[in-house]
Structure formats: structure tokens, C-alpha cells
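Using the sequences and the hints, build the whole thing.
Read off the chains here:
There are 4 protein chains.
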Amino acid sequence: MKITIALFSTLLLLSFMPVQQKKRIVFFGDSITQAGANKGGYIQRIDSMLKSSGKSAGYELMGAGIGGNKIYDLYLRMEEDVLAKNPDIVVIWVGVNDVWHKRTSGTGTDPDKFLRFYNAVIKKLRDKNIKVVLCTPAAIGEKTDFTNELDGDLNKYASFIRDLAKKNDCGLIDLRKSFLDYNLKHNSENKESGILTTDRVHLNEKGNQFVAEEMMKVLF
Amino acid sequence: MKITIALFSTLLLLSFMPVQQKKRIVFFGDSITQAGANKGGYIQRIDSMLKSSGKSAGYELMGAGIGGNKIYDLYLRMEEDVLAKNPDIVVIWVGVNDVWHKRTSGTGTDPDKFLRFYNAVIKKLRDKNIKVVLCTPAAIGEKTDFTNELDGDLNKYASFIRDLAKKNDCGLIDLRKSFLDYNLKHNSENKESGILTTDRVHLNEKGNQFVAEEMMKVLF
Amino acid sequence: MKITIALFSTLLLLSFMPVQQKKRIVFFGDSITQAGANKGGYIQRIDSMLKSSGKSAGYELMGAGIGGNKIYDLYLRMEEDVLAKNPDIVVIWVGVNDVWHKRTSGTGTDPDKFLRFYNAVIKKLRDKNIKVVLCTPAAIGEKTDFTNELDGDLNKYASFIRDLAKKNDCGLIDLRKSFLDYNLKHNSENKESGILTTDRVHLNEKGNQFVAEEMMKVLF
Amino acid sequence: MKITIALFSTLLLLSFMPVQQKKRIVFFGDSITQAGANKGGYIQRIDSMLKSSGKSAGYELMGAGIGGNKIYDLYLRMEEDVLAKNPDIVVIWVGVNDVWHKRTSGTGTDPDKFLRFYNAVIKKLRDKNIKVVLCTPAAIGEKTDFTNELDGDLNKYASFIRDLAKKNDCGLIDLRKSFLDYNLKHNSENKESGILTTDRVHLNEKGNQFVAEEMMKVLF
Chain A
1 MKITIALFST
11 LLLLSFMPVQ
21 QKKRIVFFGD
31 SITQAGANKG
41 GYIQRIDSML
51 KSSGKSAGYE
61 LMGAGIGGNK
71 IYDLYLRMEE
81 DVLAKNPDIV
91 VIWVGVNDVW
101 HKRTSGTGTD
111 PDKFLRFYNA
121 VIKKLRDKNI
131 KVVLCTPAAI
141 GEKTDFTNEL
151 DGDLNKYASF
161 IRDLAKKNDC
171 GLIDLRKSFL
181 DYNLKHNSEN
191 KESGILTTDR
201 VHLNEKGNQF
211 VAEEMMKVLF
Chain B
1 MKITIALFST
11 LLLLSFMPVQ
21 QKKRIVFFGD
31 SITQAGANKG
41 GYIQRIDSML
51 KSSGKSAGYE
61 LMGAGIGGNK
71 IYDLYLRMEE
81 DVLAKNPDIV
91 VIWVGVNDVW
101 HKRTSGTGTD
111 PDKFLRFYNA
121 VIKKLRDKNI
131 KVVLCTPAAI
141 GEKTDFTNEL
151 DGDLNKYASF
161 IRDLAKKNDC
171 GLIDLRKSFL
181 DYNLKHNSEN
191 KESGILTTDR
201 VHLNEKGNQF
211 VAEEMMKVLF
Chain C
1 MKITIALFST
11 LLLLSFMPVQ
21 QKKRIVFFGD
31 SITQAGANKG
41 GYIQRIDSML
51 KSSGKSAGYE
61 LMGAGIGGNK
71 IYDLYLRMEE
81 DVLAKNPDIV
91 VIWVGVNDVW
101 HKRTSGTGTD
111 PDKFLRFYNA
121 VIKKLRDKNI
131 KVVLCTPAAI
141 GEKTDFTNEL
151 DGDLNKYASF
161 IRDLAKKNDC
171 GLIDLRKSFL
181 DYNLKHNSEN
191 KESGILTTDR
201 VHLNEKGNQF
211 VAEEMMKVLF
Chain D
1 MKITIALFST
11 LLLLSFMPVQ
21 QKKRIVFFGD
31 SITQAGANKG
41 GYIQRIDSML
51 KSSGKSAGYE
61 LMGAGIGGNK
71 IYDLYLRMEE
81 DVLAKNPDIV
91 VIWVGVNDVW
101 HKRTSGTGTD
111 PDKFLRFYNA
121 VIKKLRDKNI
131 KVVLCTPAAI
141 GEKTDFTNEL
151 DGDLNKYASF
161 IRDLAKKNDC
171 GLIDLRKSFL
181 DYNLKHNSEN
191 KESGILTTDR
201 VHLNEKGNQF
211 VAEEMMKVLF
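Residue numbers (the numbering used here), protein chains in the order written: chain A, 1 to 220; chain B, 1 to 220; chain C, 1 to 220; chain D, 1 to 220.
It is worth saying that the hints were derived from the structure and are not from the lab.
Careful: at least some of the hints might be erroneous.
Distance ranges between label pairs, derived from CB positions [said to hold, decoys possible]:
1. C/Ser159 <-> A/Lys185: 53 to 63 Å
2. B/Gly171 <-> A/Leu184: 55 to 65 Å
3. C/Arg162 <-> D/Lys123: 28 to 38 Å
Mimicking PhoX-like on lysine-lysine, the simulated pairs with C-alpha atoms at most 20 Å apart in a straight line are [claimed, not checked]:
4. D/Lys206 <-> D/Lys217
5. C/Lys123 <-> C/Lys166
6. D/Lys177 <-> D/Lys166
7. C/Lys85 <-> C/Lys22
8. D/Lys124 <-> C/Lys124
9. B/Lys177 <-> B/Lys191
10. A/Lys156 <-> D/Lys191
11. B/Lys124 <-> A/Lys124
12. D/Lys51 <-> D/Lys22
Here are some of the chain D residues that sit facing chain C, going by a computed Cβ distance under 10 Å [stated by the list, open to error]:
13. Ser105
14. Asp112
15. Lys113
The beta carbon of each residue, even a glycine, is placed where N, CA and C say it ideally should be.
Shown next, in the form of C-alpha cells:
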């Protein structure tokens, strides 16, 4: 009898507790983010870290990366792939293809267009009261002697993103800076890939872990 | 007294006549269309032709061209620059920069992205019940011996637009074809510009007149 | 005894006959020519045709093709790879990479430089009294509806080579024209490869045979 | 009579004195060197410095720069423009266009080709017993925050030249390094031009003076 009452009281109590709403985080980007949602990818690793630290119940992580995407591709598909999911936080990680495709296929993004579309993406998210966190593009080549072919242009677009974060009061995960710092310490042989990337751009195991850790610092 | 009654009757009559609604046509494109809205430009010439033929009262023409625009730039600004103007008809003329900028600045548009954004632009217009008329890009070079550097790629994008017009049941003004035909007849010296263009791309006086006439055939 | 005298007389006779000097032909070019020297390649096929028609004794064919070569690469290595072999005839087939690499790696050849180096190559050969035969670049894509991306530029360089042949009184094997004609007849499905090429550029079996036949017409 | 003898003795003496042979230095390069031979240019400034320091009699300076030249252009014209002048020393300054033209016209130079042609140029000079001094390309943009678009690629080609100098035991004037150091000290506003260049590449007055001084250190 006593037990029944105790159980009842507990249930009663629970029914008055606020339903704990999970915060939904969408990771919005290119092939790096597409792979990040796979097993061993940086999004899965963030999920595991949240579980280990007991914060898992508070967050729901979703990948929204598509290979080859540039900033204007994000703008085109953001209604369907991001806004429709009603996220609380959106982490944007884009920029590598905007620079890289200038060299590989003549279809990169002009600096002024990059800024215009990025601003438009941020505005649409902020209009829905979504928290926005920006990432700088990490790397196209890991050499530390300043001879990665596209470093200058990549630094320029990374600097745009830092400015955008500041002007729009967004969070910033400065992967460009973190990757450079990491390579200066751990890439003494001046290799062009194999430290945090498999192919100068896409993340290897260590790279996914590193990104997960860098994102944890800013996101939680 | 009689006069007053007559006047009153007339006013009464007028108040029951349908207000003749002008059809609003927006010309949506790049620098060629931007110049087309100026004195001597193709939009102004269409306006004059409408006046000469007494059809002027039925139409209102508006230019919405911005230099350097590619298909994704049209998509980005279409709400503000086109939809906000509540047009009945939109004439889209784009494609030169999507091809040309591959060569000049490494920032052209990938074929699949061109199609995706063009489809998105058409869809947004059709959803508002707006009549859509597509133009193929006219020229990057007027030589007739098939040695204009970018002809192959320009033909490819022109062919995309013909397909889009057919699939979406849009009107088509095939300027690419018209320009080639005109040059085959009138450019016997195989000049790279100076026939319908000033600089291989932008229209000279004759070019603006020619485009105005080609558009008249399809639009009215 | 009689036999010995007869043999001696024969040998004596032979020793006065002119040694029949084989004409040495060097095929000088890029990866297409490099493959042309392999089994089934166009050079091997020309050799077989010469054998079939009993002309084999008069000619010696040598391949001097290296993958990725542009006109200035030919100039750089012509002393060692061509002049050192003391040829009677040199067949030059180059131009695809000079155009193609503009798109793939930003390292094609400017039109004026193409002409300057090509002239220098011809001059060096003519100074040694070597007969020179020029080939136009055959194809980068086999589509027949004028939408091969690089056709315009390729036609331009082909036209340069026709002019060079005329001005320098060289032989001309107009492969560009032959390939276009062949595709118009045999590529009714407008395929981009698979007719004479495997991959838009390099020759398949039929392509090697076709080139061998086109060259036979001009060379012998 | 006395005078005649004195004169005779003097002439006799002179005829036994070694003829002081001027050392001929040819500056071999692109538009920067072409301008360097003009009034106020770096070659003229070196000449003035030699005069001021009384060393003028020992040297003869000649400009051999042509606008738009890349390493293979130097190779093509070196017989006529350099070897024919029988120089004692050749200062080679090239590389900007090999990198820059990748972006502006799709006609830069592949890294492996750059090395091959540069080696060939050095070899031809060394075979004639000419002293060779190499310069690294100075700048395409003077920003100091690592956002000059082509810095990575320019650093790569500069590093090639340092290696070539070492392997071939040539002199080295490391203008790339000097310009970076100078800008770090004097370009606190992170301007893209106007410090040592007029337009990110070509030298202003200060730039010509700076290059002249840097060259003096190594050459004399």
C-alpha cells in the first residue's frame, strides 16, 4: 500500500516537471560534413562525447552536408534541409569548394558573392531566431611552409567568415586557425596530407576527432 | 442641366467599365539587360515599338538587370527585384557570365548547378502564376568559323535553356540561334565583334534593335 | 667451280647496287602518339599497312610521343628525341593539351605563344632539311551538336596549324576536320566519346585505325 | 724628340697592360625587368650605384626583359637575347607570370615543367661558363596577413628556385623573402599594393630602389 502511494506520488511529481526539450543542432555544410554524419565522423563523435558526459539527453544532432556544396548551394537548399527541421542551433561549415573549384573546374565563388550569399543564409536563420555558429574552412593542404597552393585565397575566405561572425554576433569555430596550429606542432615533415586529412581536404580519423573536440569547446 | 446629366451618365458608365489593367513585364538578367533599360537599349526600343503600334497602353516594361549576374544571383535577388513588383510576365536572359567567368576569374557555374538554380527560379515564378519567357545567351564572340573560344560551352548552356523552356512549358526567345543566323548572313569578314555587339558580348545599337525585334515576335 | 664463279659474280653485282636507304619517319607528339607506338596503335597500324602493300622496306617508323606534352615541351626535347635520330620526315601532332589544360589545371598555352613555339619547332626541322608534316588536334569530345565545351578554342588552334602548314609549305593531315566529318556520319546519337575515342581525347581501336588511314593518304 | 720618346714609351707600356675587360651582366626576365632598364628602373639604379662607388668601369649592364614572359619564353629566346651578347653573368628573375597566368588566363606553368625549363636555361648558361644568379619572384600582392590569393603557389615556385640555386651552385637573390620581410616592417595597414609595387606586382620607385640594393649585396 505504502509503495503504491509512493509510486503514485512520484508519477504525479513527474507529470508536473517540464518536459525536457532536446536542443536540435543541424550541421550544415559540404562533403566534409556529409562524411561527418557517418560512423566515425565528427558529428557521431560529438554525439558520443555528449553521451559520455551525460549531456546526451539535452541534444539532438543532425547532419545536413552535401558533397560539392558552396555557399550558394546552402542558400538554395536551406528551407528544405535546415529550416524544415526547426533547429535551435545551426553550425555552418563551408568555403573549401568556393576556393578549390576555381582551380579544378573554373567554378569557384567570387569573394563579393560569397559574402552576399553567406549574409543571406545567416539572415534567414536569425529571422527564425536560430542560433548560428560559423566555422572557417580548415584546409586545402597541410604543408606548414606556406606552399599549399590555395592557402592565400583560403585565408581570405576564412577572414571573411571571422568578420561575418563578429558583425552578426554568431559563434565562431575557427578551424582554419586550429588546423594551422595543429600542423605547426605535429607536421614537422611538412606533409601535404595525412595529419588531419586523408587527401588535403577530407578528414581522417584524427581529423574527425580533432574537429569534434574543437566544436565541443564552442558548442557546449 | 442637360450637360450635367450627360456628364454624370458618362462618369457612371466609366465607373462600370473594367479598369484596363496594364500587363507588367519584368526583364530579368545581367549587364546586357541592365543596359537594355537605358536610352537606346532593347527594352526602351520594345517600348517605342509598342507605342508606334498603339499597344503601349496595355503594357508596362521594367528592367531588372545587374552586371555580372549569373543564374544563382538571379535566384538570390528575385524576391526583392522581381516578385515584389508583381509582374505578369518575366523574361529571363542569363547565361553568358555562367560560362564566361570560368575563363576570366574561375567563377563560372557548374552545368548541374546552372540547371538546379534555373529550375528553382522558374518554379518560384510559376508558383505565383507568372508567365515565364526564357532567352538563350546570345554570344561571346561573333566569329562564324566556329573559333569563338567559348562557343561549345555557350551552346551547351543554351541547349539547357531550350530544354528547360520545353519541360516547363515556358516561352522561348532563342537569341543564341538568332545571333548565329544573323552573323552567318552579315558577318562575312568573320569579325569577333562589331556586328551585333560592341565587345563580343554587349549589344551595340543594331544588336539592341535586333533583340527588341526578336522579343516582339515572341512576346506580343 | 661454275657455281662458285656465279656466286662471286652475284656478290660483286650486289656490292655495286645502291644500298637502299630506309626513310625514317618520327611521329612527334603527346600521349596519343605515345600510345600510337604501342600494339594496336596508329603507328603500328601504319607499319602493318606498309608491310601489306610491300612498301615496308622503304620506311622506318619511330614514335616520339610523351603524355601531357604541349608545343613548348616538343621544342624543349626536340634535339634529343627527334633531331638526334636524324629523321627524313617528322609528323607533328600536338595541340590538345595546349587547349585542354586551360580548363583542367590553368596551364594551357596562350595563342601567341603556341604560334611562336610551333614556328620555332618547324624552323629547326627545316634547317636540317627534314620534311615536316603537321596534324591538327583531332578532338576533345565527339558530340556533333556543337556543345563540346572546348570546341571553339580547339578549332582556333587547328586553324593556326592549317595556316602554319600553308605558310611553311608543310604537309597537312587535317585530323580535326576528318574527325568532325566522321562523327557527323557515324555519331547520330551525339555521344561525347566511344566513336573514335575512349574518353573524348584518346583513340580507341577504330580511332587508331582511322588515324592510320588518314596519315597513309598524306604520307605515302 | 724627348716627347716622342716619352709618348712611345707610354704607348709601349700601355700595350703590355692588361686590357681591362668590363664584365657584362645581362638581366633576364619579364615585364618587371623590362621596366627595370628604363629611367628609374632597378637596372639603371644599380648602374648609378656602381658609378657612385667608382666601380662603374668594371661592369656593363644590359636589360633583357619582355612583358608576359614565363620560364619557357626565356628558354625560347635565350640564344638570341642572352647568349648572343656573350655575358659574364646572367641574373634570371622569372616566375610571377608562371603562377599569375593560371588565374588570369589559364596559361600558367605546371610545377614540373617550370623545373624542367629552368634547369634547361641554367644548363645552357653554365655550358658557356656563364655565372648564373637566380632571383625568387617577389610578390603578387603585398598584404601581410597571408591573404594574397596566390601566395601559396608563389611560395612554392620560390622554393623551387632556392633549390635550383643550391643544386646548381648558382647565386641567389631571394626577393620573395626580402619583400615579405620589408612588408612585415613597413606595411602595417596590410595594403595589397603601394609599398614596393604599384599594382601588387610591378615595382614603384621604392621597389626599384629596394631591388637594386638587394641585388648589389649579392652581385658585387
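Here's how the hints hold up against the structure:
Our hint of 53 to 63 Å for serine 159 of chain C and lysine 185 of chain A holds, since their Cβ atoms are close to 56 Å apart. Checked against the hint of 55 to 65 Å, the pair glycine 171 of chain B and leucine 184 of chain A passes, with Cβ atoms roughly 59 Å apart. For the pair arginine 162 of chain C and lysine 123 of chain D, the supplied restraint of 28 to 38 Å holds, since their beta-carbon distance comes to about 35 Å. The straight-line distance between the Cα atoms of lysine 206 of chain D and lysine 217 of chain D is roughly 17 Å, inside the 20 Å bound, and the hint therefore holds.
Of the pairs offered as hints, the one joining lysine 123 of chain C and lysine 166 of chain C holds, with about 14 Å between alpha carbons and a cut-off of 20 Å not exceeded. For the suggested pair lysine 177 of chain D and lysine 166 of chain D, the alpha carbons sit about 16 Å apart, so the restraint of at most 20 Å is met. Distance restraint check for lysine 85 of chain C and lysine 22 of chain C: the Cα-Cα separation of roughly 13 Å lies within the 20 Å cut-off, and the hinted pair is therefore satisfied. At roughly 17 Å between alpha-carbon atoms, lysine 124 of chain D and lysine 124 of chain C fall within 20 Å of each other, so this suggested pair holds.
Restraint check for lysine 177 of chain B and lysine 191 of chain B: the C-alpha separation of about 18 Å stays at or below 20 Å, so the hint holds. Simply put, lysine 156 of chain A and lysine 191 of chain D have alpha-carbon atoms about 14 Å apart, close enough for the 20 Å limit, and the pair holds. Between lysine 124 of chain B and lysine 124 of chain A the CA atoms are separated by roughly 17 Å; this keeps the pair inside 20 Å, and the hint holds. Between lysine 51 of chain D and lysine 22 of chain D the alpha-carbon distance is near 14 Å, which keeps this suggested pair within the 20 Å criterion.
For serine 105 of chain D, the interface hint holds, the least distance from its beta-carbon to any beta-carbon of chain C being 7 Å, beneath 10 Å. Hint status for aspartate 112 of chain D relative to chain C: holds, with the closest Cβ pair at about 9 Å, below 10 Å. Evaluation of the lysine 113 of chain D hint against chain C yields a held restraint, the C-beta minimum of about 7 Å falling below 10 Å.
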